[in-house]
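Asker: Single-letter residue listing:
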Amino acid sequence: MTTKELIRKIFFVEIFKGMALTFSRLFTHAVTRRYPHKIRRPAQPGFRGLHAWSGERCVGCKLCAGICPSQCIYIATETDKETKKLVVKKYDIEVLRCLFCSFCVEACPEGALALTEHYEYADYSREALYMTMEKLQANWDKYMAGKVEDYFKRFWGPRPEDFSTPEEQAVFRGRK
Amino acid sequence: MEEISRNQPPSDIRIAPELHTREITLNMGPQHPATHGVLRLVLELDGETIVKCTPYVGYLHRGTEKLGENRTYLSALPLTDRLDYVSSMNNNIGYVVAVERLLGIEPPERAKFIRTMVAEMGRISNHLLWLGTHALDIGAITPFLYVFRERERIMDLFEELCGARLTVSYPRIGGVRNDVSQKFLDDLYAFTEEFPGRIDEYETLLTVNRIWLRRTKGVGVIPAEEAINWGLTGPVLRGSGVRYDIRKFAPYDAYDKVEFEIPIGYNGDVYDRYMVRIIEMGQANRIIRQCIEKLPKGPITIDSPFTLPPKGSLSRRDKERFNKDYYSRHFVLAKSGPKEAPQGEIYVATEVPKGELGFYFISDGTGRPYRMRIRAPSFVHASALPRLCEGGLVADVISNIGSIDIVLGECDR
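Protein chains in written order, with our numbering: chain A, 3 to 178; chain B, 30 to 442.
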């Protein structure tokens, strides 16, 4: 053991260095967020939160139910006898079983389904998180109002029509 | 007379002349907070020394392999998030790379760079969580708070990238889900400029701290040869001094286009594994920087029968952009998966933060795998726990569990 090491050992040099670091952190901003009481950060755009569904866009093709990994989308359709059109009779999503992978949104050819940026939907009962047609439509009206086009353009349809390069792609812009 | 004789020991049992203690059996877990989930260890103790250690796993078994066999190649992806939920990005990429090899497709260059970048973010996030909890188990509480500060930034970046913080489901077969935004790239670059200073902070707190050294040096030693025989991979194997990293020896994605070094240890103890992971974080940071700097322009998904076509071409209402071929392909893919997947079997391994994650597929030509087997590093590492613990002290079991970095979701699958 050299003298230097001995001095380090006797005077607790490394312990004091660590203490100095923690002490200096005493005067910096707190990084913790007091979530429900003080700060409620809105989710970033494109967040995969609660489901919303538009009745007028949906054509009842059942692709969302087909691709769903947890099979939590239930659809029933019926052909209208007069107009010969497919009418969606039932469209339910069991949110408690959902994985929030957004495959349903990608599979939907009409953009009738979206995962909104709303994430505070915890509840005490199972029924409240079983989304029926009406609830999903209400979500669409509430959370997707005015941002439908932008939403699908930026987050769910990012691939250009022919799989080529979009013009303004993000690249490294150099150090600041 | 009768009473007295009854209280005496039966004459056929002889009390041993020398004093000896009985070994006791101790159940550690499955609810013990230091077992990182639901690992149960049955310890046989002689005083404080461990005579025998038997790990019991399976408390978190969800049948992921079987579930994967009942889903198409496309929709089994979110299951892999739930394997190792600490580094779900790496698990996704492991799955996607394996399926791509099976189907014989290659993602475009830009997607490869993006994947490499986000995989290294996942590695940093995993190692940060590991460092925090491992230090907390051993008794150092401060690093736990410090690492969560940085981990939170990575989580925020993931949220900005793909809309989810933990279970990302970001890569796709043949590319990635969506392109990176300029804000994301700038934020990530700012993070990588700051991060090496943060690693120095953790090192100030731990690396030379005498309590830390006492708890980790010479604990849970496993020599290189035995480490190979036990099938250990990842930082645990490298801590024993074996230079093995799949990113270097069988590069996937863009790992052959970036420069990085593989740290290796000498003694194979807990401290060396700690140092390997600390240095790995710095190297991951370096890879992210190179990926951002080299990120080429180009498509993010290839046009193949196995990728979902762009949304704009699918709506029948939009007569100009509607593409009939894309529409029928999309319908088949979403409903029943790729129809013409090649027959055969394949094993593809990727380097996840925990070690070697392997996916083994048997394909019978349908859209679903006939067999999906997952080689989970945590499972193999948990099997080596008796070798690490036996002969040591009870308190060192905690260091050993922490140092092999297991996540029971992946271990039990």
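For the record, the hints were derived by calculation from the structure and aren't laboratory data. Even for Gly, the Cβ is constructed at its ideal location relative to N, Cα and C. Hints are not guaranteed to be accurate.
Unchecked claim - Some chain B residues judged to face chain A by a derived CB distance under 7 Å, without partners named: (1) 234; (2) 237; (3) 361; (4) 364.
Asker: Would you mind marking each hint as holding or not holding in the structure?
Answerer: Each hint, compared with the structure:
no., hint, in the structure
1, 234, "holds, 5 Å"
2, 237, "holds, 4 Å"
3, 361, "violated, 10 Å"
4, 364, "holds, 4 Å"
Hint compliance for this structure: hint 3 is the single one not met.
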